[in-house]
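*Asks:* Below, each chain spelled out in residue letters.
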Amino acid sequence: MSNVIAELKYTNKHEWIKIEGGKAYIGITDFAQEELGEIVYVELPEIGEIFEADDEIASLESVKAAAAMYNPLSGKVIEVNESLEDAPELVNDDPYKNFIYVLEYSNPSELDELINADAYTAFIESLEE
Amino acid sequence: MNSYIPHSDEDIRSMLSAVGVQSIDELFNDVPEELRLKQDLAIPEGMSEEEVLRLIRKYASMNSLGTSYLGCGSYDRIIPSAVSGIVSLPTFTTAYTPYQPEISQGVLQAIFEFQTMICELTGLDVSNASLYDGHTAASEAAAICFNQRRKSKTLLVSPTVHPFTIQVLKSYFSDMGFSITVLPEKDGMPVFDSLSSYLDSSLAGLLVQSPNIYGLLEDYSGIADTLHEEGALFIISSDPMSLGMVKSQAEWGADIAIGDTQPFGLHQCFGGPTAGYIAAKEKLLRKMPGRISGQTVDIDGNRAFVLTLQAREQHIKRERATSNICSNQALAALTTSVYISLTGWAGIQQAAELSYQKAHYLAEKLTETVGLSPVCSSPFFCEFTVDFSTTERAEKFLSGMKEKGIFAGVHLGAVSPGREGLVAIAVTEKRTREELDLYVEAALEAAHE
Amino acid sequence: MNERLIFEKSRKGRRGYFFPACDIPENEQTQSLPDTYSRCTVPELPEVSEIDTVRHYNQLSRKSFGVDLGFYPLGSCTMKYNPKVNEAAASLEKFTELHPLQDSSTTQGALKLMHELTGYLCEITGMTWGTLQPFAGAQGEYTGMKLFRAYFTQKGEMQRNNLIVPSSSHGTNPASAHLAGFTVIEIPADERGMVNPEYLEPYLNDELAGIMLTNPNTLGLFETDILAAAKKIHDAGGLLYYDGANMNAIMGKVRPGDMGFDVVHLNLHKTFSTPHGSGGPGAGPVLVSERLTPFLPVPDIGFDGKKYNFVWDKPMTMGKVSGFNGNFGILIRAYTYIRVMGSKGLKKASEMAVLNANYLKTRLMSKYELKYPGICKHEFVLSASRIKEETGITAMDIAKGLLDLGIHPPTMYFPLIVPEALMIEPTETETRETLDDFADIMIQLAEQAYHEPELLHAAPITTPVRRVDEVQAARKPVVRWRKESN
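Protein chains in written order, with this note's numbering: chain A, 1 to 129; chain B, 1001 to 1449; chain C, 2001 to 2486.
Heads up, a few of these hints could be off.
[Stated by the list, open to error] Derived, one-sided and incomplete: chain A residues facing chain C with beta-carbon distance under 8 Å:
#1 E38
#2 V40
#3 Y41
#4 V63
#5 P88
In case anyone wonders, no lab produced these hints; they're calculated from the structure.
Cβ atoms here follow ideal geometry from the backbone N, Cα and C, with glycine treated the same way.
Take the sequences, apply the hints, and build the full model.
*Replies:* Written as structure tokens, this is what we have:
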């Protein structure tokens, strides 16, 4: 069973979101990294770029698969996890510690669209059935 | 019947019975009745191998060859004898793409070596297993630029790029919301004055070609810096043989180098197969199209090669792939690798220098003796263009020369509207001085008939 | 162990080839290039003798595997025997030395061959006319999608942007459609493994561009509802694209044109026996129905009753796809094959390809699962999922076991709708004995999974290298040799 952390918010596209002030730390869930297998490359967005919700913003590649990350909240990229450039495997090692990027979100009402840990757990259980 | 289908009547009978059906037709019962072909295909009856060869030889004899001064992207060059024997080895010719690395190390290593050779020649960091040809390589390079610069919509193209390359680019991109914008031309050269007016985030990059469509060498001093200020990319297409003398793409500051490896060991063969090459700066590696062979280790720790970065490709990313290309011109690329291995850098320099000397010798003699001089004073490599003013006069000259067994040049007007009367003459290391003198002699008659 | 790189065999001053000395007298030679244009950097290229070069590549060829070496049942790739007469035909000097821009009066034989080949391919597929320019199947698909677009643009229906692709399709299909600017809609297979015309219903509107299909599909099954599907698509104003990768199953039996397809590509390197060349060059001609002919690429090849010529005057053309005439050398080989086979031979090829596939399937069904039963066409897809569940041995392990026994594995993990898929295409050129040997080996490997799984986990052990670390290759890409690092 994949690890889900109670304090975080989630999407059903397997992203986790941690809100701190006006900033959102965004990464992929344990379930997502397990599905993907050994990650060999993370394509990061550029700092300063502005994205709408649901825009494709980053992608993760394993040897035999590629997965797009869809931005959960509209806003501007203010930080990316540069250590992933040389060590993409960090996402496998600890997906919740290693965020992908940080967003200064512009539309707080979009936060209501995110789901909590219980709902996400139920969602991935439904997938595993 | 022919020898490629080994089944005896007894084989067929026993295999049908093992499957549990009565007849071959029963194996096609799932095809709706109204769709089944009721008559034979209207294709001639099969023939023995010998009869077919006789027929094909007859077709071949309907073509004719001459002493060739034709260029424009395909050249009659010397091919070392050792090349054909190597590239017809059956495990090279009859293998599929090397998906099973354990039994494909030979092919994978050959690709790795090809990639290295292309990087060394162009001066760039990374390359791939090859593309279809030099023209489609331009489209793949353009796609890298549009991908890398997400908001970009325009690719600037020099007017002196091969017209077919520009046509291929337009058919690839112009119905996709991208603009292929051709710069103005003066004296056989692109005019870069307006370059700065295009410099914004909508510009993906600039594609140029040297030697250009007239055979002229272009000067790109300062162009890369101008483009890079805005982050736009610089693509240079070059005949790889010219790289034996002329500045490499990296020396001009290019981000992407492209071209066609035909001059390196490949027969002209009516235009194909050849191999397109592409090389780029390291930062563009994951945007590269097509197959890439990478070095790694096997479980015993031995060096091994494998197709790598496959997550870019169509069979994994499907509709999100960087390109739909799923083959390369592997055997043509191998041919080029073998050629480069045999000639080495010294050989490439020698062939380039020979071509350069002979082309200049012919240009000089034509100027002195016939009064046919190159249209521009800019330096050229092994191809130069003379002006007959009209299509009629150009064609008359060429057909007069053809009667003497000389394919004297390519009438650019025939492949590129607006260039009527211009004839591009290519001279390679294969032409002898005797042939060049014959050209001059024949031209004296043909030009003044 | 691996062969040293040719760069590592290099010794300064060695040469494998010398061009003739310059025969232009020194006093008539030209000055060298101005500095602005002169190359300054010296590339590191191998310096090796001729015999070292010959040996190097011969060694590499021994570490490769081709149809000439052994059975190659790679599904969807049609690895049939490549007749040697094709090579003899393609190596005639008056073909190999032709310049692509020679005056057409000097290339009548080449143009005649291309004109006739286009006609034969149209007859085989039931289409009207076509282009031989595309270099490969994927480029053929792309050309086909551009033809769709040109057609809709001309009709003023630019909003037709939805392109349906079954989930079992080749990966190139959605990639080609996407690159041509279409929005890809994947539809699932029904319980028979087929396209169900009902599933098309939600997309039958004025945004529909069309559908891309292979028939038989990638499970090797004939799409029996094709006529109903074609009618629905056409009634909604859409077009049908036929991916010809599986044409080897149906030559002379049934034609895509008669099924209702508007655009077809063929893979000459599959169905028409031209060698795959370790991944190219191939050829992907595109054939179209009457209403799409105005949009075909330029130049077309025309015949006025006396002379063959290039036709550039096509006002509605989609443009140019390749620089010159596609892979002409491959076209000669395919033409030669068609003339040797003739109409009856082509039909027999498909019949025997289907017989071989059904025979092999029958022999293997007991040990491997067949998720979609029934008569197959030229290929079939087995699943090793029961073996995996019971022993932990995967389709990949079985494949690696085959390598030790001198057989190229089937296509694995495709189509995506079958778990632990092994996609097997024997082709018509294999004898019953070869099929029996392969079946025996596959059965033996399935049994080994239960009794000696460790051997399969370890396989291969007899190959030049063993299982390779693909993760390292992708994480820290080394895609070229560099002098300083050696």
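*Asks:* Look at each hint and say if it fits the structure.
*Replies:* A quick look at each hint next to the structure:
1. E38: holds (5 Å)
2. V40: Check passed: Cβ of A:V40 comes within 4 Å of chain C, closer than 8 Å.
3. Y41: Cβ of A:Y41 sits 7 Å from chain C, so the hint holds.
4. V63: The hint holds - A:V63 has a Cβ within 8 Å of chain C, the shortest such distance being about 5 Å.
5. P88: holds (7 Å)
Checked against the numbered hints listed earlier, the structure breaks none of them; every hint is satisfied.
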